[in-house]
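Undergrad: Line order of the protein sequences matches chains A and B.
Quick note on this note's numbering: the first sequence kicks off at 5 and runs consecutively.
Quick note on this note's numbering: the second sequence kicks off at 5 and runs consecutively.
Mixed in with the good hints there might be a few duds.
Restricting the straight-line Cα-Cα distance to at most 20 angstroms, the calculated cross-link-like pairs of lysine to aspartate or glutamate (EDC-like) are [what the hints assert, rightly or not]:
1. K92/A <-> D120/B
2. K236/B <-> D249/B
3. K92/B <-> E106/A
4. K236/A <-> D64/A
5. K236/A <-> E184/A
6. K236/B <-> D163/B
Partial pick of chain B residues on the chain A-facing surface, computed with a CB cut under 8 angstroms [unchecked claim]:
7. W69
8. G80
9. R96
10. E184
Negatives, chain A to chain B, calculated, CB over 12 angstroms [to be verified]:
11. G86
12. D97
13. F170
14. D269
15. P277
16. S314
In short, the hints are calculated from the structure, not lab data.
Think of the CB as a built atom: it goes at the ideal place given N, C-alpha and C, for glycine as much as any other residue.
2 protein chains.
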Amino acid sequence: MIVALAGGVGGAKLAQGLAMAVGPENLSVVANTADDFDLYGLRICPDLDTVMYTLAGIADPVQGWGVAGDTVATLGGITAYGRDPWFKLGDRDFATHILRTEALRAGQPLSVVTADLAGALGVRSRLLPMSDDPVATQIETLVGRLDFQAYFVARRQQDTVTGVVFDGIGRARLGPGVGEALADAETVVVCPSNPFVSVGPILAVPGMAQALAASPAPVVAVSPIVDGRAIKGPAAAMLESLGHDVSPLGVARLYTGVIDGFVLDETDAGWAPAVAALGMEPLVTRTVMGGSDDRARLAAEILAWAGALSRNRR
Amino acid sequence: MIVALAGGVGGAKLAQGLAMAVGPENLSVVANTADDFDLYGLRICPDLDTVMYTLAGIADPVQGWGVAGDTVATLGGITAYGRDPWFKLGDRDFATHILRTEALRAGQPLSVVTADLAGALGVRSRLLPMSDDPVATQIETLVGRLDFQAYFVARRQQDTVTGVVFDGIGRARLGPGVGEALADAETVVVCPSNPFVSVGPILAVPGMAQALAASPAPVVAVSPIVDGRAIKGPAAAMLESLGHDVSPLGVARLYTGVIDGFVLDETDAGWAPAVAALGMEPLVTRTVMGGSDDRARLAAEILAWAGALSRNRR
Numbered sequence: 005m006i007v008a009l010a011g012g013v014g015g016a017k018l019a020q021g022l023a024m025a026v027g028p029e030n031l032s033v034v035a036n037t038a039d040d041f042d043l044y045g046l047r048i049c050p051d052l053d054t055v056m057y058t059l060a061g062i063a064d065p066v067q068g069w070g071v072a073g074d075t076v077a078t079l080g081g082i083t084a085y086g087r088d089p090w091f092k093l094g095d096r097d098f099a100t101h102i103l104r105t106e107a108l109r110a111g112q113p114l115s116v117v118t119a120d121l122a123g124a125l126g127v128r129s130r131l132l133p134m135s136d137d138p139v140a141t142q143i144e145t146l147v148g149r150l151d152f153q154a155y156f157v158a159r160r161q162q163d164t165v166t167g168v169v170f171d172g173i174g175r176a177r178l179g180p181g182v183g184e185a186l187a188d189a190e191t192v193v194v195c196p197s198n199p200f201v202s203v204g205p206i207l208a209v210p211g212m213a214q215a216l217a218a219s220p221a222p223v224v225a226v227s228p229i230v231d232g233r234a235i236k237g238p239a240a241a242m243l244e245s246l247g248h249d250v251s252p253l254g255v256a257r258l259y260t261g262v263i264d265g266f267v268l269d270e271t272d273a274g275w276a277p278a279v280a281a282l283g284m285e286p287l288v289t290r291t292v293m294g295g296s297d298d299r300a301r302l303a304a305e306i307l308a309w310a311g312a313l314s315r316n317r318r
Numbered sequence: 005m006i007v008a009l010a011g012g013v014g015g016a017k018l019a020q021g022l023a024m025a026v027g028p029e030n031l032s033v034v035a036n037t038a039d040d041f042d043l044y045g046l047r048i049c050p051d052l053d054t055v056m057y058t059l060a061g062i063a064d065p066v067q068g069w070g071v072a073g074d075t076v077a078t079l080g081g082i083t084a085y086g087r088d089p090w091f092k093l094g095d096r097d098f099a100t101h102i103l104r105t106e107a108l109r110a111g112q113p114l115s116v117v118t119a120d121l122a123g124a125l126g127v128r129s130r131l132l133p134m135s136d137d138p139v140a141t142q143i144e145t146l147v148g149r150l151d152f153q154a155y156f157v158a159r160r161q162q163d164t165v166t167g168v169v170f171d172g173i174g175r176a177r178l179g180p181g182v183g184e185a186l187a188d189a190e191t192v193v194v195c196p197s198n199p200f201v202s203v204g205p206i207l208a209v210p211g212m213a214q215a216l217a218a219s220p221a222p223v224v225a226v227s228p229i230v231d232g233r234a235i236k237g238p239a240a241a242m243l244e245s246l247g248h249d250v251s252p253l254g255v256a257r258l259y260t261g262v263i264d265g266f267v268l269d270e271t272d273a274g275w276a277p278a279v280a281a282l283g284m285e286p287l288v289t290r291t292v293m294g295g296s297d298d299r300a301r302l303a304a305e306i307l308a309w310a311g312a313l314s315r316n317r318r
């Protein structure tokens, strides 16, 4: 069994590659839920849904999130009522949020709701929320503390980030199945997601560090930074404003003590020795994923390499 | 000020005609809310919304309910999750239900939510739910008691109706503004809606009979039965199975003591003497409404006639 820790678009792409490489039933994806929020009275889980839609093969291939070909008539109706459509929600996407909210309000935990929704979409991998308990990422900026989606979507990541807070993390418990998946894992892959706001919350759930440490599997991470830039999102800007190197090394340092191996893009081969000096095995390859062929190729390459890694992280 | 009591499509059409005839600011519509129900965790108010969309000029002109030109992508998404799309909800319609549910859950009363939604759609008449308290029509049939929409939509009114129950009616209070509107009314028009399941619940709200009796306005009703058939819906079948004449007279008898005048279609002119014998003034005219010209003409005709009626109902 392979376990992937994933945020949004980048994480979802590699998770899909892993599902293709090992067969979807042999993959569990632990998804970030700290970007979940309420909008129009509905519970929205952007990262979780991006992974779900991607694994279901219905994600929008251009933007990476949302459902391919989705329309925005319901959001248009909401706009007609004078509400701000600042967060783009497609019509099919609304179906997800409506049914999830219904089930959550009926008392079902997010993990059960997610399994039901993903199953109905034909997802055969296990999609596990990092926690059933609400955790809310908040971003400290020069203009004050912002809810994550306010920072990320409404304000287009324009603010300088001075800190990241996971509200509720102290009371959160690992999602059902997460500990078991890690205990049974052959390899754990930290996907190329933002280390602060996508992977960070997953690693911060109480019990997660212990579960990773206790896992027999080698843990490897893929750099979301290539050639000094993030493939998507504010990872590079956050590395800089939070005082880290804007490089694969800067990311690798954040995972010291957690991972055994680190995957860098071939553009960044020069960083491999410094990564190795952190006590991690480096793998240099093409990490930028386009379509599904790319994703499957990268996933297979990572798994072949990681399978031979010793657990040297402690 | 004119007050209309309205159910769904037929009531909405005449309400629109009244708004055109006297100016929208001079009309208050008291709408049935006993067909409200929860679906997919959202609060759906079919009659209220039909009136709202019609007064806003955006109702589907063919089916009479829903929003003109609406698409069904969100419902398609819900269907893709394996849920039964037995109640047709359009995408723009979903926006209404989502925002209403959000506001209700935040503690706003239905009357406030309705005023906000209708106002945003440009409705200048006052749209008043009969009550802010939940009332649920249930239909006694040969196969047992059915929730109203199960009888009306899911089972297509195929069951023989043996009784009608308004669950919660005993605890319901008149909606804010309803009593005041009746006290200030020049004319009260009971629209051509189903007397059992559309007008019936409105009249059954505790305090409504007294408010109507105390109103200085003549109260007139328009027959929903023309030539032995209901223009729309199960009114004719319900009259028959509940032991009433399937005729304007059968409807007029149900309103004895409540109304001063009764409007029959010219097709049913032969019933006028029998209606008059009930102590009501009959008006015979064309009552079948097509487009807005028809609606405005009928409304103007009713108001001109009703204004000269004495209050003779007691």
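Undergrad: Which earlier hints can't be squared with this structure?
TA: 1, 5, 7, 10, 11, 12
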